[in-house]
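There are 2 protein chains.
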Amino acid sequence: MALPPVYLSLDAAMSPKITVELLRQLRQAMRNTKYIAEPIQAYIVPSGDAHQSEYIAPCDCRREFICGFNGSAGTAIVTEKHAAMWTDGRYFLQASQQMDNNWTLMKMGLKETLSQEDWLISVLPENSTVGVDPWIIAADQWKNMSKALASAGHSLVAVQDNLIDAIWMDRPTRPSTQLLTLGLGFTGLTWQDKMTALRSKMAERKISWFVATALDEIAWLFNLRGSDIEYNPVFFAYAIVGMNTIRLFVDIKRLAVPTVREHLQLDTPSKVELSIQTAPYESVFTELQAVCASLGPKEKVWISDKASCALTQVIPKAHRSPIPYTPLCLAKAVKNATEIQGMKMAHIKDAVALCELFAWLEKEIPKGTVTEISAADKAEELRSQQKDFVGLSFPSISSVGPNGAIIHYRPLPETNRTLSLNEIYLLDSGAQYIDGTTDVTRTMHFGSPSAYEKETFTYVLKGHIAVSAAIFPNGTKGHLLDSFARQALWESGLDYLHGTGHGVGCFLNVHEGPCGISYKTFADEPLEAGMIVSDEPGYYEDGLFGIRIENVVLVVPAKPKYNYRNKGSLTFEPLTLVPIQAKMVNTDLLTQKEVSLGPHSLEFIFYQTHCFFRRCHSFIYTKIKHSFISNFKKSSLYSSNI
Amino acid sequence: MALPPVYLSLDAAMSPKITVELLRQLRQAMRNTKYIAEPIQAYIVPSGDAHQSEYIAPCDCRREFICGFNGSAGTAIVTEKHAAMWTDGRYFLQASQQMDNNWTLMKMGLKETLSQEDWLISVLPENSTVGVDPWIIAADQWKNMSKALASAGHSLVAVQDNLIDAIWMDRPTRPSTQLLTLGLGFTGLTWQDKMTALRSKMAERKISWFVATALDEIAWLFNLRGSDIEYNPVFFAYAIVGMNTIRLFVDIKRLAVPTVREHLQLDTPSKVELSIQTAPYESVFTELQAVCASLGPKEKVWISDKASCALTQVIPKAHRSPIPYTPLCLAKAVKNATEIQGMKMAHIKDAVALCELFAWLEKEIPKGTVTEISAADKAEELRSQQKDFVGLSFPSISSVGPNGAIIHYRPLPETNRTLSLNEIYLLDSGAQYIDGTTDVTRTMHFGSPSAYEKETFTYVLKGHIAVSAAIFPNGTKGHLLDSFARQALWESGLDYLHGTGHGVGCFLNVHEGPCGISYKTFADEPLEAGMIVSDEPGYYEDGLFGIRIENVVLVVPAKPKYNYRNKGSLTFEPLTLVPIQAKMVNTDLLTQKEVSLGPHSLEFIFYQTHCFFRRCHSFIYTKIKHSFISNFKKSSLYSSNI
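Top to bottom, those sequences are chains A and B.
Per the UniProt record's numbering, the very first residue in the first sequence carries number 1; after that it's consecutive.
Per the UniProt record's numbering, the very first residue in the second sequence carries number 1; after that it's consecutive.
The hints are simulated quantities; they were obtained by calculation from the structure and are not laboratory data.
Check the hints yourself; a few may be wrong.
Derived pair list, reagent style SDA-like, types lysine to any residue, alpha-carbon separation capped at 25 Å [claimed, not checked]:
hint : chain 1 : residue 1 : chain 2 : residue 2
1    : A       : 317       : B       : 452
2    : A       : 559       : B       : 563
3    : B       : 561       : A       : 406
4    : B       : 111       : A       : 200
5    : A       : 454       : B       : 111
6    : A       : 298       : B       : 323
7    : B       : 454       : A       : 406
8    : A       : 143       : B       : 323
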C-alpha cells in the first residue's frame with residue numbers, strides 16, 4: 001500500500017459535521033480554570049495518539065471529533081474567533097465535504113497556505129498563549145512550534161487535561177483486548193533474547209535506561225500481540241528497560257490470563273534481571289519521574305525523538321538522549337530466519353486466497369454483480385479461510401476505473417463502482433496472519449485492455465522489475481533505488497507522485513521504519529539482508545484509471561561477479577506470489593533481460609498467470625489450491641521443507 | 001573533476017614541516033593581550049578564506065602554514081598542550097607525511113575519531129575559552145561549534161586579529177590582479193540587467209538588502225573577472241545591494257583602469273539606482289554596520305548561510321535572513337543563450353586541443369619519453385594555443401596505472417610515472433577560456449587493454465550514458481539520477497566512492513552550486529534547462545588503475561511521447577566533444593540502445609575516435625584541427641551559425 005489510507009467508517013458518509021456547539025464548548029474549556037491556570041487563546045488538536053501511531057483507536061480520533069474530517073493526516077487549531085484545519089492534497093476534497101463552514105480548510109503544499117505557526121502569529125492577539133496536549137504532540141514538533149511562537153512573543157503551553165476529552169461526552173473507552181502470546185516457532189527469539197540484545201546495545205553506547213513508546217516495538221520486544229487498533233496487532237503499553245530492570249505499563253487486567261503470566265514469567269522469573277515489574281498504563285509518567293530522580297550524574301536515557309513531548313520532558317535534558325530510530329526499531333526491521341519463513345508461509349496463503357478471488361472474479365464479473373465493496377469483502381472472506389488468519393493489514397483499496405486514480409481510495413456505498421469488462425480494476429490489500437503480514441497490489445482487466453493501458457502498465461512493470469532485480473552494495477539506502485522504479489515511465493514523460501516502498505512488519509504494522517524506497521530523502525537506514533520492504537510503482541491517469549504493481553520483497557545477499565572492497569552486495573527476493581496478469585503486458589516493450597530474471601522471473605509469473613487466468617475458471621476450489629501450492633513446491637522459489 | 005584537488009606546490013614534496021617554533025609562537029599569541037583580552041586555551045585554524053572559497057590564495061593558506069598539510073580540506077586546532085588536524089580519507093597518507101610529530105592526525109570518518117567538538121571537550125580544562133577568526137569560519141559552523149562548547153561549560157570567542165597572520169613573517173600579500181571586463185557577447189546580460197533581476201527577487205520576498213560574499217557570484221553579477229585565485233577567474237570583493245544602492249568593496253587601485261570605470265559606469269552612471277559606490281575591500285564591515293544601523297523595524301537582509309560569521313553577525317538577528325543559495329547562485333547556474341553558445345565554443349576548442357594531444361601521445365609514448373607531468377604540460381600548451389585561452393580550470397589529474405586509482409592525484413616529480421603501452425592513462429583536465437570553462441576526463445590505453453580493463457571501462461561508460469541519456473521530469477533533483485550512473489557497476493558488484501557530477505560555471509569556477517549529481521543528499525536545487533553539470537562516473541582498482549569518463553552536459557528540454565500533468569521533461573546534451581577511445585569498450589556489453597542514442601551517440605563518438613585514433617597520427621597539426629571542426633559543423637550537434 002503506497003499511502004496511509006483514510007479512516008472512513010462506512011456510515012460517516014460525506015455530509016459535514018455540525019460543529020457550532022462543540023466549538024462553543026471547546027472555547028469555554030479554553031477559558032476554564034478547571035483545566036488551565038490562565039485562559040488560552042488557541043488550542044491545537046493533532047491527529048495522533050500518545051504513541052505517534054499511524055493508525056489510531058476510536059478514542060484517539062479527537063481531531064475527527066472536533067471538526068468532522070476523518071482522514072489520516074490533519075491538524076485542527078481553534079482560537080477564540082477562528083477554527084482551521086491543515087491537511088494535504090490527498091484530502092482537500094474529502095475535508096471540504098466533511099467540515100462545516102465554521103472551519104477553514106488550510107491546504108498544505110499550496111504556496112499561499114500559511115503554516116500553522118504563521119497562521120497563529122497572523123490571527124493571535126499580542127502575548128497569546130497556545131495550548132496543546134503534551135501527550136499527543138511529538139517532542140520535535142513541540143520544539144519547532146514553541147520556537148516559532150516565542151519568536152513572535154507568544155508562548156506554547158502544555159495543557160495536561162485534554163480539552164477535547166473534556167467535551168467529548170460519548171468518547172469510546174481505550175481498548176484493552178486480549179493479549180496473544182507468540183512462541184519461538186513464530187518469533188525465532190524469546191523476549192528474553194531480545195531484552196539481552198537491547199541491553200548490549202545500551203551498554204555499547206553507555207545508556208542506562210531505554211523508554212519504549214512505539215506500540216509495535218513493545219509488541220515485538222515482548223512477543224505479544226493485541227488488537228487495540230484496527231489492522232495493527234498491537235496493544236496500548238509503555239516499557240522502561242534498565243540494565244537490571246524491566247517495567248511494563250499496561251492495563252493490569254490483561255495480565256490476569258495464565259498464558260500471558262507464564263509467557264512473561266511474571267510469577268516465576270528465571271533471573272532477577274529478567275523479572276518484569278508490571279504497572280498500570282497511566283503510571284508511566286510518575287514511574288519515569290522516579291527513575292529519572294535516581295539517575296547518576298552521567299547516566300543517559302534513550303527515547304525516540306518522535307515520542308510524546310510529555311514523556312520526553314520528564315527526562316532532564318542533561319540525561320536525555322533522543323534517537324531517530326530506537327534499537328528495537330532497527331532490530332525489528334531485520335527479520336530472523338523464523339520470521340522470514342513465517343512471512344513466506346503467509347504469502348503462500350495470501351496468494352492462494354487471491355488466486356481464488358481472481359478465478360471468482362473472472363466468473364462473476366460478466367454477470368454485473370461484483371462491486372468494489374463486494375470484491376473487497378470476497379477477498380477478505382477467502383483470506384479468512386486460510387490458516388492463522390487474524391484480520392486485514394489495512395483497509396482494502398478496491399477500485400474500478402477512475403476510482404483507481406485516487407491513490408488512497410477506499411470504496412464507500414456512494415462511490416462504489418461495479419466491476420466490468422471495460423474498466424481496469426486495482427486491488428491493494430493485505431492480511432495479518434499469525435506467521436506474517438502481507439500487502440499486495442494487482443491491477444487487472446477482465447475484458448480487453450486498450451493499447452495505452454497496456455503500455456503504461458508495462459512501464460510500471462518495468463519499474464517494478466528494475467527495483468526487484470536491482471543489485472546494490474551493502475550499506476545502500478533505499479532512497480537510492482527509487483529512480484530505478486521510475487526510469488521507464490520518465491522516458492515516456494510519465495511519473496507517479498508517491499514513494500516506491502515501505503518497510504513491512506512480521507505480524508505487525510504493514511508500514512514500519514526505518515527503511516523504505518522513496519524520492520523523498522527522509523532519514524532512512526541502509527538496507528540490510530533480512531529487511532522486508534514493498535516494491536510498488538504505479539501510474540495514475542486522473543478520471544480514467546490507476547495502475548499499481550506491488551510485491552513485498554525480502555532483502556537478500558547477492559553474489560555478483562566481483563566484490564568491490566569486500567563490501568558485499570544485496571538484492572531482493574519477492575515474497576509475494578500472486579500472479580501478474582499477462583494480458584496487461586505489452587511484451588514488445590520488455591527487454592529479454594526483464595523477461596528472464598531467474599526463478600522470480602516474469603516467465604514464472606506468466607506461467608502462474610497462465611494457470612490461473614487461462615484455466616482457473618474451470619477448476620474447482622481445492623484443485624486450485626493444490627495445484628498452486630504444488631507449483632510453488634516444485635519451483636526453486638521455496639526450499640523443500642515448506 | 002570528481003573531487004577537489006590537492007593544492008600541491010611541486011617543491012613542497014612530502015617531508016614534514018618542522019613546527020616546534022611556530023607552535024611556540026602561536027601559543028604565545030594565544031596568551032598575548034595585544035590580540036585578546038583574556039588568554040584562550042585553544043585556537044581553531046580552518047581551511048578557507050573569508051569568502052568560503054573552495055580554492056584559496058597563498059595568503060589564505062593558514063592551516064598549511066601552521067601544520068604543513070596542504071590538502072584542500074582540513075582543520076587544525078592548537079591548545080596549550082596539543083595540536084591536532086582533522087582531514088578525510090583522501091588525505092590520511094599525505095597529511096601523515098607532511099606533518100611532524102607535534103601534530104596528531106585526526107582521521108575523519110573513522111568510528112574511533114573524535115569530532116573537533118568532542119576532542120576539545122576531552123582535552124580542555126574546565127571553563128576554557130576557544131578562539132577562532134570569525135572571518136574564516138562560516139556562520140553555520142560557528143553556531144554548531146559554539147553550541148557544543150557551551151553545553152560542556154566552555155565558550156567560543158571571535159579573535160579579530162588572525163593569530164596565524166601575527167606569526168607568519170613572510171605571508172604573501174592578498175592578490176590584486178587586473179580586472180577583465182566582459183561584454184554582452186560573452187555574458188548575454190549586462191550587469192545592470194542582472195542587478196534589476198536581483199532586485200526583483202528581493203522585492204518579491206520583501207528583502208531590503210542583499211550582501212554578496214561568494215567571489216564567483218560577485219564576478220558574475222558585475223560581468224568582471226580577475227585572477228586572484230589560481231584556476232578561478234575571480235577577484236577579492238564584497239557587494240551590498242539595496243533597492244537604490246550598489247556598493248562594491250574592492251581594492252580601489254583596480255578601478256583606476258578606464259575600461260573598468262567605463263564598464264561599471266563609475267563616472268557617468270545612467271541612473272541613480274545603477275550608480276555604483278566603490279569602497280575599499282576592508283571597509284565592508286563598517287559599511288554593513290552603517291547599513292544595518294539605518295534599517296527600519298521590518299527590513300530584512302539576505303546573506304548566504306555559508307558567509308563568514310564576522311559579516312553575518314553584523315546584521316542584527318531580527319533583520320537577518322540567511323539563505324542556503326542566494327538569488328545570484330541560482331541565476332548564475334541557469335546559463336543564458338549567449339553563455340551556452342560560449343560554452344559550446346569553448347568545448348570545441350578544448351576538444352581540438354585534446355585530440356591534438358591524443359595524436360601526439362600516440363606518436364610519442366612508444367619512445368618512452370612522455371610522463372604524467374609532461375603530458376599534462378603538453379595538454380596545457382595545446383590548449384593555450386586556442387583562442388581566448390586564459391588558463392587551466394583546475395590542476396590536471398594526469399595519472400598512469402596505479403596513480404589513476406588515487407582520485408585526487410596530481411603528479412609530483414617523485415610520483416611521476418612514464419606513459420607506456422602497458423598501463424591505463426587517465427587525464428582529468430580543463431581550461432578557462434573567455435567564452436567558457438571546460439572539465440573533461442578521458443581514460444586511454446595505448447597498447448592492448450586487458451579484458452578486465454575493458455569490462456570495467458564499459459560498465460563506467462554504461463553509467464555515463466545512462467545519466468547523459470536520462471529523461472526525467474522537470475523539478476527533479478540531480479541526486480535522483482546518481483544511481484543510474486552506478487547500475488551497471490553495481491550489477492557486477494563494483495562501485496565508485498565519489499559523486500557523479502557537479503555544477504560548472506561559465507568562465508567561472510569549475511565547481512559551482514546549487515545543483516549536482518550525488519548519492520549524498522546535500523541540499524541540491526532541482527535541475528533546470530540551461531544548467532550545466534558534469535557526468536563523471538568512474539571505477540578505481542587500488543594499486544592497478546583508475547577509470548573515469550567525464551563530459552560536461554547541458555540540461556535541455558526533452559520531448560518524450562507523453563507529458564504527465566504538463567510538467568515537462570528534461571534531458572542532457574553533451575557539451576564535451578572529446579572522443580572516447582573505442583578500443584577500451586567491450587561492445588558485447590552494450591545494448592543496442594546504448595550504442596545508438598541519437599546524434600550525441602556512441603556511434604558519433606566512435607566515428608570521431610576512428611578519425612583520430614586510426615588516422616590522426618599521420619595527419620599534420622592544422623589538418624587535424626580543420627577536419628575536426630568541419631566534422632562538428634557537418635554534424636547535427638551544432639547549429640550552422642557557429
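Structure-based check of all given hints:
| no. | hint | in the structure |
| --- | --- | --- |
| 1 | 317/A <-> 452/B | violated (57 Å) |
| 2 | 559/A <-> 563/B | violated (39 Å) |
| 3 | 561/B <-> 406/A | holds (24 Å) |
| 4 | 111/B <-> 200/A | holds (18 Å) |
| 5 | 454/A <-> 111/B | violated (51 Å) |
| 6 | 298/A <-> 323/B | violated (38 Å) |
| 7 | 454/B <-> 406/A | violated (49 Å) |
| 8 | 143/A <-> 323/B | holds (22 Å) |
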